[in-house]
Amino acid sequence: MDKKTVTTISYLSRLKIDKNNEDKITSDLENIITFVDQLNDVSVEGIEPLTSPLEKIAKTRSDKVTAKNNKEIFLERAPKSNEDYFLVPRVVE
Amino acid sequence: MSIRYKTIKELSYMLKNKEISNKELIEETFKLIKDNQYLNSFITLNKEKALEKASNIDNTSSLLSGIPIAQKDLFCTKDLRTTCGSNMLSDFIPPYSATVIENLENAGCISVGKTNMDEFAMGSSNETSFFGNVLNPWGENLVPGGSSGGSASAVAAGLVPAATGTDTGGSIRQPASLCGISGLKPTYGRISRWGMIAFASSLDQAGPMARTAEDCAIMLNEMCSHDPKDTTSIDEAVPDFTATLDESIKGLKIGIVKEFDLSRLDNAVVKVFEETKRHYESLGAEFVEISLPNISLSVPTYYVVAPAECSSNLSRFDGVKFGKRSMDPINLEDLYIKTRSEGFGDEVKRRILIGSYVLSAGFYDAYYKKAQQVRRLIKNDFDEAYKLVDVIMSPTTRGAAFEAGSKGSDPIQMYLEDLFTIPANLAGLPALSIPNGMVDSKPVGVQLIGNFLEEQKILQVAHSFQKSTDWHLKTPDGDKA
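Taken in order, these protein sequences are the chains called A and B. In this text, residue positions in the first sequence follow the working numbering: the first is 1, and each later residue adds one. In this text, residue positions in the second sequence follow the working numbering: the first is 1, and each later residue adds one.
Just so you know, these hints were derived from the structure itself, not from any lab. Bear in mind that the values here come from a model prediction, so they are computed numbers and not experimental data. Ideal Cβ positions, reconstructed from N, Cα and C, are used throughout, including at glycine. Heads up, some of the hints might be wrong.
What the hints assert, rightly or not - In the BS3-like style, the derived pairs of lysine-lysine whose C-alpha atoms are separated by at most 30 Å in a straight line are:
| id | chain 1 | residue 1 | chain 2 | residue 2 |
| --- | --- | --- | --- | --- |
| 1 | B | 324 | A | 4 |
| 2 | B | 387 | B | 277 |
| 3 | A | 71 | B | 229 |
| 4 | B | 49 | B | 18 |
| 5 | B | 442 | B | 31 |
| 6 | B | 78 | A | 80 |
| 7 | B | 47 | B | 34 |
| 8 | A | 68 | B | 53 |
| 9 | A | 3 | B | 324 |
| 10 | B | 338 | A | 4 |
| 11 | B | 258 | A | 71 |
| 12 | A | 3 | B | 338 |
| 13 | B | 31 | B | 9 |
| 14 | B | 324 | A | 16 |
| 15 | B | 47 | B | 16 |
| 16 | B | 324 | B | 9 |
| 17 | B | 250 | B | 474 |
| 18 | A | 80 | B | 338 |
| 19 | B | 480 | B | 34 |
| 20 | B | 258 | B | 271 |
| 21 | B | 229 | A | 64 |
| 22 | B | 229 | A | 68 |
| 23 | A | 16 | B | 321 |
| 24 | B | 407 | A | 24 |
To be verified - One side of the interface only, derived from the structure: several residues of chain A facing chain B at Cβ under 7 Å:
| id | residue |
| --- | --- |
| 25 | 34 |
| 26 | 59 |
| 27 | 79 |
Same shape as in the complex, but just chain A (with noise of 0.2 Å):
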């Protein structure tokens, strides 16, 4: 972990670290991929993974559409929207 991969791995994150705390932020980084580090020295060959403690039951239900349209519910709880979108600055000139 170094300060060039804490800049990749924040881009990624849509995060931008404080020039301040990057030293902090690095080191804390380090030293939690040194912990589980520790994952390396176990034998895990031909084991699955294990994605939901529910693997075995969990269900899916028909593909119906059940929501109604509840467009001004959430455009009204947006931070910046007209009566049909949602506002973002513009992305095309």
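Fit chain B to the supplied structure of chain A, relying on the hints for placement.
Frame of chain A; chain B shown alone:
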């Protein structure tokens, strides 16, 4: 008549016998909350609507009818501010309520307010909330634990008989232990996650926090339901969790995990644990040493899986659809970056960054896939153990409540706080914590982990302890009459 430190069962009895009216109960609750504002256990109160509901109670069939309940501020509550302890959602008012909130309110509960918590449930001391630290009523400057610290503090201080919490790596059980109350994390999928603000979707589970295991069972009866809106909600019959509470535990086999090295804990904590074992033996339980060979890998496994899921879940906070938005961005990307950098606190950022790292190209197999493989090994260990024992017992925490700021600035020290609680989340198993002794005049808890869907059994084992001991009756004001 004082309502402070009363259980759900006691308050329900008082209401039925007209020792107190529904309205008086709620008025008295808000008075207690006001008189104990220094705890900072609530972020938002729901006074007007709570009093209105109390004046119009029509459902009197349920034990929970008219009972004041505090809701962790991670559950969406219709038309009531829901912040998740974050600046990002400091003005967010949801248009709907979480299924679990609806279930409780339909049973007659009165939601009196939203409790403080670590930001987005990431923390073990309630020191990461945008709304400030929560205090533990058991001592000056003590943390209540986290992330459900506000709920634990409010119940421990006797302001409400019960509260909701959520538990991703111990966020119900660890604060329950540090505040001297009872708290249960059900089997993953027992309670719908719909309307819960997601942290780590394969680990998050809601549960009750109360003064007794019996009250937890009463709450759980109403909180569980199959919910078609949550595909991970279990479609199994929900038993009456109170029905088997009084059954004897004679002959029950309790597993003690060989790999949990108790010699590294404070002597006083070990002494409390050994006394609890002896008490269970006197009730007829039998102790069996079991081995969970991969258990020591739980914390590192968790700190890959949880941040990975967190970085994905929290990508929804972009300043566009709801929540905070940064002013004057240069362009759309700048809007995302500024909003997220201003809206999230340090611990949340740290976990998002770790998540992005372990999920990034070239590292995915080494970290995320590997952690999920180890997760299966840990679950397999539990499957083997439950062939030999009925429940597994351990201390809930490494020690009693610590002082705010005392864990220093090393995040790993705080992460190890959840050493005993994380394994149950990884395996999806139900687990609870009940108070079982005092260390330096502060409460500590014992954890019982049950097999898949066996909440009834751990509640029964907990209740048998509480019927024959008085640790759950201790309050910061002394023993409860």
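Original post:
Does the structure break any of the earlier hints, and which numbers would those be?
Top reply: 11, 16 and 25
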